[in-house]
Amino acid sequence: MLRYLSLLLALLFSAPAFASSLEITIITSASENRLDIGKSFAGITVEPHRPVLRAVELALFESSTLFETLGIETKVQQIELDTNKDFKDQLSAVSPSALVILDVPLKLMEELAVLANQMNIVVINVRHSNSYLRESLCLANVFHTIPSDSMYFDALGQFLVYRGWRKVLLVQGPSERDIERAQTLLKSLKKFGTTIVDQRTFSLSHFPDDRDKNKPEFLTGGVSYDVVAVIDSQKDYGRYLQYSTRIARPVVGDIGLTPKSWHFALERYGAPQLNERYRTFKVDERIGPQVTMTDAEFAAWSAVKLITNSINTRLDKGDLNVLSILNDPASQVDLYKGTRGSIRHWNHQLRQPILLATSQAVIAVAPMPKFLHPKHYVDTLGLDEPESECQLR
Amino acid sequence: MTLVARWTLPLFILIVLTVRHDPVVAATAVISNERSGDIVFMDEAGKTTDIIALCARPRGMAQRMSVGTLYIACSDDGHVVEFDVTTKQVKRIFPNLPGAMSLAIHEPSNRLVVSNEGLATATVLDITSGELLATLATGHEPDGVALTTDGSKIFVASENAGIVHIFDGKTYEPIKRLITNLRPRRLGIRDKELWVSSEMGSRVEIFDTTSFEKIDEIIFAPRGFRSEQLTPVDIIFDHSQTTAFVALGSANHLVIVDAIKREIIKYILVGRRPWGLALTPNGEQIFVLNGLSDDVTIIDIKSKRPIRTSRTGLVPHSVEIFK
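So the sequences go chain by chain: R and W.
Per the numbering used here, numbering through the first sequence is continuous, rising by one, with the last residue being 406.
Per the numbering used here, numbering through the second sequence is continuous, rising by one, with the last residue being 1233.
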């Protein structure tokens, strides 16, 4: 079933220099119940999974003066994909010139990315930070604006070294995703020179004999460390580690000090203005007031802003071909994080600073001081060109 | 004991001589501090002489030297205050200016232009009567404002839109929108040139104020910094308008530019994220506010060397210097 939501924002005002249009299509899945994602015991949801539509509309709203000046029309289409029907048929409703934002679960995203690439549709991954996607989905028409796990954890690794907290106890969950992310974290921590004093796994089992093994005091005891790094993708168990460790040490990773791409409390770089706009923009009565963009929403916002900001940075201001914009090194985006972002040509990842934040404050913005890269300021975060095995096709 | 006695007299003389040789204090700098909500008074040597708790988030300032008055944008209070630098009292409040950010004064026509960051407008006020003369619609996050010397044109930079809006100084009708590089911040007018700092575009763009064509751009490259760390904000010119000074933000340098040849003369290392700038009235020193390290670097222009760094309030935003 196709749900077609069309929105015309264009305002033709004064004599435009030229007229063109920008179309954004957001693909969601009809079989996904977002309210169930990340829900743990007693119906508690630690991290919301909101649709990215509002962030996309906000990005277009911000650029309305520029669109008006240049006579650019914009259109947002939303397709709710029926997972029981043929995808190709459903994707044929997408305009070939549109920028397509994939706001769908991981497996579906991978499938759609391959299909879209065959159909010459340009798609953006805004939801999945899995580092392997940056190596496996090396497709000419596929881009990632959400940071990779490597970027998040490199930021954390730099922070720990900068603080001098070099002895790390790693506590991780047993899920496949936890194992994948723990490996990425270990790689980052080793890269920047920290020592892993031990690696321990908690289980989510309810088997009575396992109970003692999962006691935070036991799990974090018998060893000396500066800091505990927690990998708990479900954010269920890990929440209870902070303030329960055997010795008094800070907790980082998925709990405590967390690497994020966006935060409501960023005070610098114009961020308060963006947060204020987001808070007041098209408030959805059903979801209630929104304090901040999730990382997926920020990724969707960044993707649209990269297209609109490129009008300012590229010489050919009339060219709104999304693929040529994404492939042009002159395309830059103002991310309200003090350093502009752009696409890494070797794996189509948006390079950007990463925030290290608690639930209430941004403690640091990575790259941390003295972590230098020969070419790009933020390229000490994530897979660098020589490390990447990505062969775009 | 004998050692102490032997050194006491020369040390005493040395101290007296040092005090006597202090430079004659000729000017006073006033610094607005966003985070601490105060203004700091400082002498030319960088010594704090007074601190006044002023308002919520004081940012942009403009001065009318002739009457010893300073106008200060109190962003989170949503107004601009008229501040007497002699009595150190607020004389008047211009209300209803939400998110007031940058200010510009046109002395001959007695007008004050204020950019309202949260509202996507700029406001033109009559300074004497306080009367609202015009509300100018801009793109989101308007920051830098400037007027031509004859007051015939008003320029307002919209950070978010990447546009400099140009309005007629008499009718207040929009004349033109200049598309700039990313995040245009501050504007400088030099003869028939409009200089625009593009914070996220890492450059200064120069436009003709009559034809509105882009004439040139200056791209910065101090040693040891990557392009995206260059985030220029304030631009000021010396009295002869032959030299420009630009604060380079995250690149932690002030740059001196030959404004005629448009060539870099020198990069000078200052504190972290320099942005606000002001020249002393005699044109011999420049005060550079470092927004991330909460201090001010005072630079001697002749030798092009920093002579002192002093603490300011928290998040220093703008500086104005009086005789």
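Read the hints as simulated data drawn from the structure, not as lab findings.
Accuracy of the hints is not assured; some may be wrong.
The calculated lysine to aspartate or glutamate pairs, modelled on EDC-like cross-linking and capped at a C-alpha distance of 20 angstroms, are [stated by the list, open to error]:
#, chain 1, residue 1, chain 2, residue 2
1, R, Lys330, W, Asp1126
2, W, Lys1086, R, Glu60
3, R, Lys120, R, Asp49
4, R, Lys200, R, Asp239
5, R, Lys98, R, Glu81
6, W, Lys1171, W, Asp1148
7, R, Lys330, W, Glu1123
8, R, Lys200, R, Glu400
9, W, Lys1102, W, Asp1126
10, R, Lys248, R, Glu60
11, W, Lys1233, W, Glu1194
12, R, Lys330, W, Glu1194
13, W, Lys1124, R, Glu400
Tested hints:
1. Lys330(R) x Asp1126(W): holds (18 angstroms)
2. Lys1086(W) x Glu60(R): With a Cα-Cα distance of about 45 angstroms, the restraint between Lys1086(W) and Glu60(R) is violated, given a limit of 20 angstroms.
3. Lys120(R) x Asp49(R): Holds, at about 17 angstroms.
4. Lys200(R) x Asp239(R): Distance of about 18 angstroms is within 20 angstroms: holds.
5. Lys98(R) x Glu81(R): Measuring from Cα to Cα gives roughly 39 angstroms; hence the hint is violated.
6. Lys1171(W) x Asp1148(W): holds (15 angstroms)
7. Lys330(R) x Glu1123(W): Distance of about 15 angstroms is within 20 angstroms: holds.
8. Lys200(R) x Glu400(R): Holds, at roughly 12 angstroms.
9. Lys1102(W) x Asp1126(W): holds (13 angstroms)
10. Lys248(R) x Glu60(R): Measuring from Cα to Cα gives roughly 8 angstroms; hence the hint holds.
11. Lys1233(W) x Glu1194(W): Measuring from Cα to Cα gives roughly 13 angstroms; hence the hint holds.
12. Lys330(R) x Glu1194(W): This hinted pair is violated, its Cα atoms lying about 43 angstroms apart.
13. Lys1124(W) x Glu400(R): Since the Cα atoms of Lys1124(W) and Glu400(R) sit roughly 41 angstroms apart, the hinted pair is violated (cutoff 20 angstroms).
Violation of the numbered hints given earlier is confined to hints 2, 5, 12 and 13; the remaining hints are satisfied by the structure.
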